[in-house]
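These protein sequence lines are chains A and B, in that order. Position 454 of the first sequence, counting from 1, maps to 454 under my numbering, and the rest follow consecutively. Position 153 of the second sequence, counting from 1, maps to 153 under my numbering, and the rest follow consecutively.
I should point out that these hints are in silico values taken from the structure, not numbers from a laboratory. Since the model is a prediction, treat every value here as computed from it, not as a measurement. Among the clues, some could well be false.
[Stated by the list, open to error] Label-pair ranges, simulated between beta-carbon atoms: (1) A:ALA415 x B:ALA114: 18 to 28 Å; (2) A:CYS331 x B:ALA17: 19 to 29 Å; (3) B:ALA114 x A:MET412: 17 to 27 Å.
[Said to hold, decoys possible] Computed footprint of chain B on chain A, listed as stretches where at least three residues anywhere in the stretch have a Cβ under 8 Å from a Cβ of chain B: (4) 166-180; (5) 342-355.
Ideal placement from N, C-alpha and C gives every residue a C-beta, glycine not left out.
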Amino acid sequence: MNPNENTFVACGSSKIDASLRVPLLALFGGAAVWLIVGLVLGLIAGIKFHAPEFLSTIPMLTYGRVAPAANDAVLYGFCIPAGLGVMLWVLARLSQMPLVLPMVPVVAANLWNIGVLIGTGGILIGESTGHPWLEYPRAAAVILFAAFLLIAVSAAGTFGWRRERALYPSHWFLFAALLWFPWIYSTASLLLNTVWLPRGVVQPVIGWWFANNLVFVWLALVGIGTAFYFLPKISGKPLAGSGYALFAFLTLVFFGAWCGIPASAPVPAWLPTASAFAALLTIIPILAIAIITIKTVFGSGVSCQGGPFCFIKFGVVCFVLSGLMYVASACPQSSRVLEFTWFGFAQTQLQLLGFFALIIFGAAYEILPKIMGGALPFPKLAKLHFFLTAGGVLLFVIPLAIAGVEQGKALMNPAIAFADANGVTLKFLRISTTGQLLILLGALLFALNIFVMTMKWQLALVKSLIAAVKAPLPEATAQRDQEVKV
Amino acid sequence: MKNGIAIVFAAVVALGASWCGLVLAPTLQLGGAKLTTVLNSPDTYPLQRTGEASLGLQIYRANGCAACHTEQVRQDGIQAELMLTALGNYQPEDFKAFTESLFVQQALEPVTNALAINLKGWNGSLPFVFLTTSDKEIADKINQSINVPGVKSELRIVATGADLARGWGPRRSVAADYLYDQPVQLGRLRAGPDLANIGVRQPDANWQLLHLYAPKAVVPNSTMPSFKYLFAVRKIGAALAPEALKLNAEFAPAAGYEVVPTAAAKELVAYLLSLRANVPLYEAPFTPVTTKP
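Isolated chain A (complex conformation) (with noise of 0.2 Å):
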């Protein structure tokens, strides 16, 4: 990173970062609220395995409805505008550069959250497509992408003005992360979200890619991307050998890209054997971004106390564990047990709410005072917020991973009643219910935090407005001193 930045941040960096408060205010807000709205849809799913008739008779609450809905409102509407306002700020911030039409961003986002609106609302009322992570229906689609183009208009317009012209790693990934969307959402959308629907397994093989593509390289590019701005900003190094990290760079996307297909998949054996050497081959790029992590932050002598550097530094710990998890999923020989079972969906969470989840709490909170030219208004429940969201993901993720190997073991022995193989994931699946309560707990504090200072800013604009109005205006005050005159 460039250690000079700092420097000459001074002369322009307050306009730089006011003009960005009204865009990520925006999107963080509806972010915030997404990401409730998913942890509570989530957690009525959870509380469904220990309660079957858990509000069973209300159609929109069936588990096969809520489950999606939640996993999508996690995704599309917390991870992706949360992460794109991050994004926007690292690059205003790097080009030196005032966000380039402010007002498109803010336009975007209330798209982006009718989008979301309108895609949860058709997966409770039963219009989902039924491909995994495109369960949104047309109409949502399409205002998705047309919201996230304005974003990436104004995030390129912003990087082509620049006045800084050097480029660090945050671009790279940043940039493959606006190229990526586009690219795999309106292939997946028009293939499997038209009249154009290809036949049979056609339509799994390219819902794989598309989800591959979105979960696993898309939040990795935006996560690792803010993450290493971020990690060598506040431990006052610059990032180790930038070398490497262009290695991990170039890894990432030629071989990310190509997992995601099965090892059992019903299709012809070159495509999950090419995925699963993917997969094999992507441990390269996890275990580059492990070193680079520890080396720019081992010695740093920063503490963290549940501060930025906690979440972001977490986050990447849940990276490489979330990745690895996901090439364990991917070879042949442990896929047999691990596939159909708990086990993925422990990894698409610490996906989600570990690694892409406490990396953008973390950048929120180091971005959310610099916005808005004050402190965070309770900066002990963003402590706070650290110590639930990392415990609770831990408690959610651990005995789900547990669980799927055990569930896993058990199918494979076929004297083991499947009703017996299900109970073993039971007790499990209670223990992460705990979890799921605490991160919630965590994304209430987190949502109370940029509520407020939301508040606080309109209260003050409001009064100034106000005093402004009262002011009497220099005419009128002539004027009324010639009436008294006369």
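Once you've looked at the hints, dock chain B against the given chain A.
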């Protein structure tokens, strides 16, 4: 800046390559997939679903049954199985002695141990599976050697694996099974059993309806949520409707009321009963069961 262009170019190549490999190529290779023929039979596969069953797939999709159920059976491999079905005028002892006389053949060496053990444990009842081996050639050879008038044996191909041993199907699922599915509902979690062959395993429509209305009414320890909203509870008219569910006291509605399936429930069950991936195909061979061992 040159750097920057190179990086963007690399990203485009990376994603473009995977797009060609995992989107374009499968679309070209499989998108034009046609019907296949059933092994050793002139029949084509798969059959087009009836209109009602196709509508049922949409109910299945809309209610997210795939969140808990897969429609995909896996197998570990295939094995050849030799089954003795008739002995004619011979006694079991004659068959044992004859088979043991084959043991001197060098080519049979890999299976003689297994054969000896199987023959020893045989009480003379038929049909009798006397050899299971992954080596089809040896099985063929033995099958020909014991081809004596009166003695009948069958060489059968069976697929093996945990899913199959659970009775979820006679072979693994292959691309052809999903040819007509829009959308294909493979599923990714087995919180419930695999349904690729539920139409074979549980062909009783009434059972299926009862199970959807109140899973615990037919599977006491079921953790499947009920889908009561696919049914209507209404006052009994002049007489009990013929399609009214026959529920036991615990699950029955209030006196004077009956539970009838809505069109959606009937379509869903039609779809479930249409899930039958149980014919042998070139890419997934097995010998259908004609004589139960």
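So, going through the hints one by one against the coordinates:
For ALA415 of chain A paired with ALA114 of chain B, a C-beta distance near 21 Å keeps the hint of 18 to 28 Å intact. Under the hint 19 to 29 Å, the C-beta atoms of CYS331 of chain A and ALA17 of chain B, about 22 Å apart, fit the expected range. The hint said 17 to 27 Å for the Cβ distance between ALA114 of chain B and MET412 of chain A, and at roughly 23 Å that hint holds. Using a Cβ-Cβ cut-off of 8 Å, 7 residues of the region 166-180 of chain A lie near chain B, which meets the minimum of three, so the contact claim holds.
Counting residues of the region 342-355 of chain A whose C-beta lies closer than 8 Å to any C-beta of chain B gives 3; at least three are required, and the coverage claim holds.
When each numbered hint is compared with the structure, no violation occurs for any of them.
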